[in-house]
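There are 2 protein chains.
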Amino acid sequence: MTQRELAPLRRRYDVDELVSHARQGQARAVARLISLVEDGAPELRALAAALARDTGRADVIGVTGAPGVGKSSTVGVLVTALRAVGKTVGVLAVDPSSPFSGGALLGDRVRMQEHATDSGVFIRSMATRGHLGGLAAATPQALRVLDAAGCDVVLVETVGVGQAEVDVVAVADTTVVLLAPGMGDGIQAVKAGILEVADVFVVNKADREGSDQTVRDLKYMISLGRRGVAGPSWRTPIVRTVATRAEGVAELLGAIKEHRGWMRGHGELEARRQRRAEAEVEAIALAQLRAKLGDLRRDSNTFGALQGLAKRVVLGELDVYRAAAELIAELGGSSRPANQGVGRP
Amino acid sequence: MTQRELAPLRRRYDVDELVSHARQGQARAVARLISLVEDGAPELRALAAALARDTGRADVIGVTGAPGVGKSSTVGVLVTALRAVGKTVGVLAVDPSSPFSGGALLGDRVRMQEHATDSGVFIRSMATRGHLGGLAAATPQALRVLDAAGCDVVLVETVGVGQAEVDVVAVADTTVVLLAPGMGDGIQAVKAGILEVADVFVVNKADREGSDQTVRDLKYMISLGRRGVAGPSWRTPIVRTVATRAEGVAELLGAIKEHRGWMRGHGELEARRQRRAEAEVEAIALAQLRAKLGDLRRDSNTFGALQGLAKRVVLGELDVYRAAAELIAELGGSSRPANQGVGRP
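In order, the protein sequences belong to chains A and B.
Its first residue numbered 65, the first sequence is counted upward by one per residue in our numbering.
Its first residue numbered 65, the second sequence is counted upward by one per residue in our numbering.
The following block holds chain A by itself, in its conformation from the complex (with noise of 0.2 Å):
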């Protein structure tokens, strides 16, 4: 049985019941939204539409790095610590590498071990499947998802340090970057763009040998990376933790709080979500267009559309640029209809 065959199946689900039951805090509710979102469905609109006043209450940690550095057992030891101070911590696991959710597969399993019984966690593992504009794309909503059902702090949390990894960091308040000793290609791969998305830096493992020669290169590239910079500018701090034993976890908190103080204090954390929703909404427009474009074929009105002004250029009573302008015109306004009809909560 193909996909296509399995479509007309699935469930379709009630999403501002779905919503209800995630804001009062139903992991399965939750779970349901985020696979939603993933999958690119449907439902995704009324979704957006029904999460759009749940945007921006939570704390966004990004943590990034790469494999081999201790990510999950950092991610693990922040959200015992956020625990223990009352926070409700939500986990976004993304893969933006593997076309396979983790939703249901050993990775959260095995995260789910130590949290498993406590309804003040939420964790989650994305991958990209069907959503229009990729995982980048995904989420901005995904972390609605976890805003709406009431986490103080959302850790982010991506494999890899690439350009994917970066847009899918984008989304943090804070982003926080792991190396490890020894490393070299950690650096190398630090070089290759994070360091501007880097607030904070974590040398994880910092009881190996070679974790003083991390730090001294952290310093020497941060100290590269500031020249030329103009105005009152975040000290990128670098934190030594060995999260499989805990040390270092109040340290790294610390870095986090103080960078958000930072942030608050130079209007920084409303500039960086405006050019986030910027980001996002630019994103999403060019997404759609490219899909709308694609469909045109397959879309008997805008095909006629398209049919009606190629008889016009063919006749010499206009010419492709007005009948592209037009096109885009019937795009544009096509499009306003199909989300008129989606409701607000």
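These aren't lab readings, by the way, just hints derived from the structure by calculation.
Hints may contain errors.
Just so you know, same-sequence chains aren't split out, so a pair can sit in one copy or run between any two.
[Unchecked claim] Calculated cross-link-like contacts (lysine to aspartate or glutamate; reagent style DMTMM-like; alpha-carbon spacing at most 20 Å): (1) Lys151 with Glu260; (2) Lys283 with Glu315; (3) Lys375 with Asp123; (4) Lys375 with Glu334; (5) Lys375 with Glu332; (6) Lys151 with Asp216; (7) Lys283 with Asp78; (8) Lys321 with Glu311; (9) Lys283 with Glu260; (10) Lys321 with Glu334.
This structure is a prediction, so every number in the text was calculated from the model and none was measured.
Mind docking chain B on chain A? Use the hints.
Structure of chain B alone, referenced to chain A:
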């Protein structure tokens, strides 16, 4: 001095004046207008508007094939034969693989020699330069210039048999695909997608060894290609030529004329021109949308709209899908004034 620095110095042509001169058959005006098309000059929209009514008068014959099969020689003898019966001829030599125009290079000069003093022939090379959407998008406009100049027949010659070439010859009413004996890769290339676009096959250099085998291979391929085709289909003929000695040219023109008659008889000419215009409008719309979104952050009007929409998303007043739809509507709306300013002749 960089391109950017040079740009303001570039002369802004009076498009209507140039079009008027082109309509009087001035080769220089024709050449300048095709340069504007090739460059994707700002005057292109005005040009398209001015040329709209010149669409579809010329017979358009596409000539393609692998390097070395004798396209230029074939085009040369076709021009001579068409001139002999009093037809005005345009030749558009398109090289999708080259970023440089052959307009002022050797190619044209060599071609020109025979027809240089003939005011009934326009020859022009074209390569991809600044045109949004590439050569496939530029070719139809260049064609309209030659149409306006009063060409009875336009030969569009393109080298190679890849997708880019298929896209270029897609402007033709009749597409002639050339092969030569002993070029196994020629047949391979034909297999790779040109079969569908070929209306007439030419086995050039038919005096060489292996030409019978090439004809047999082609016949076999055509028989395979025909399988599953329903309705009254065109039976792609195979013409043998020796272009360097002008042998088989009458037969080739006969096959082209027969194809034209078949198209008219089956409503296929109108259907093709309609499909072509649809593809052209769609391609320009897509290129414009991409450019618009790329320009978003440089265009203060649209960027202001994006900022405003993003602000409402941050405040939870609007969901990202609605914001994206409004942005798309904004793009569609803002594309009209830019075109309304362009005067029609």
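Structure-based check of all given hints:
1. Lys151 with Glu260: neither (29 Å within a copy, 65 Å between copies)
2. Lys283 with Glu315: Within one copy only: 18 Å inside a chain, 78 Å across chains, cut-off 20 Å.
3. Lys375 with Asp123: between (55 Å within a copy, 18 Å between copies)
4. Lys375 with Glu334: Classified as between: cross-chain Cα gap 10 Å, same-chain 50 Å, threshold 20 Å.
5. Lys375 with Glu332: between (52 Å within a copy, 14 Å between copies)
6. Lys151 with Asp216: Result: close within a single copy only, 6 Å intra versus 79 Å inter.
7. Lys283 with Asp78: Neither: 51 Å inside a chain and 60 Å across chains, both beyond 20 Å.
8. Lys321 with Glu311: within (17 Å within a copy, 85 Å between copies)
9. Lys283 with Glu260: So lysine 283 and glutamate 260 pass the 20 Å test inside one copy only (14 Å; across, 61 Å).
10. Lys321 with Glu334: Close inside one copy (16 Å), not across copies (69 Å); limit 20 Å.
When held up to the earlier numbered hints, the structure conflicts with 1, 7 and fits the remainder.
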